[in-house]
Structures are given as C-alpha cells and as structure tokens.
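**Student:** So that you can map any letter, position 106 of the sequence shown is 103 in our numbering, and since no number is skipped, the others follow by simple counting.
Just so you know, not all the hints are guaranteed correct.
Simulated DEER-style distance windows between Cβ atoms [said to hold, decoys possible]:
| no. | residue 1 | residue 2 | range |
| --- | --- | --- | --- |
| 1 | H40 | T103 | 41 to 49 Å |
| 2 | G102 | S82 | 47 to 55 Å |
| 3 | G77 | A38 | 16 to 24 Å |
| 4 | P83 | L109 | 22 to 30 Å |
| 5 | S14 | P106 | 15 to 23 Å |
| 6 | G47 | G102 | 21 to 29 Å |
| 7 | L109 | D74 | 17 to 25 Å |
| 8 | D74 | T48 | 16 to 24 Å |
| 9 | G84 | G47 | 20 to 28 Å |
What the hints contain is simulated information worked out from the structure, not anything from laboratory work.
Note that CB positions come from ideal geometry on N, CA and C, so glycine has one too.
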Amino acid sequence: ESEGPRGMDLMAGTENSCSAGTGVLNTLVEAGYILYALGVASHPKAPLGGTNLRKEGRTRPMDIITTADAYCQWFLDVEGRHPSSPGGDEYRFGYWSDFLAVAPGTELPVDLLQ
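Let the hints inform the model, and build the full structure from the sequences given.
**Tutor:** As structure tokens, then:
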C-alpha cells in the first residue's frame, strides 16, 4: 500500500483534509494489520528529493497506529515547506511512503525488522 495523501484526497474531492489517506491506514489497523512505514519517496518533478528528502523524512511521526492523521498531515506540511519554484511547474502530487502491512497472526522474521 502506498500512502500519497495529496493524490488520494484529490481523487476523493477532499483536498488538504487527509481523510482519504488516513482512512486507508485506519481501515488496515482496524482490521488488525500491523503497519511498518518504509522510506519516503518523491516524484522526479517534486521540489524535494534525494538527500534532502531523506533528512526531511527523519522528522515524520512513526507511530502509525495512533497518529495516522499526523502522519498524513506531515506530507502536506512537506509540500508547504518546499513549494515549487516561482515561474516553474507547480507540482503538488509527489511525496509518499510505502507500507508493509502484516496480517493479523503473522510474524515477520526478526532480521526483516532490523
């Protein structure tokens, strides 16, 4: 599952609300899945990428189960802190994080969690 709050909310008609992205996370958690957030990624046209994106990614809230709203809002805040260059293409669709969703009753090998 990929979490791209801007795109999910644009498609759902709920722009800037995080309701679509948060809904997906909450549905998985309510079904008993354990979510592990992977690295933050960006589209090549997004203003922030590479080393700067990895540094920014270290600031995201990682307690997915209890802070789905904060986690989703973090992506919108990144866009606010790193807007497109004036006169360039406005790009507001380019940051996401993939998740590993582990089904209830399933255990991951310990070496995968390190």
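**Student:** Hint compliance check: list the failing hint numbers for this structure, sorted ascending.
**Tutor:** The structure conflicts with hints 1, 4, 5, 6, 7, although it agrees with all the remaining ones.
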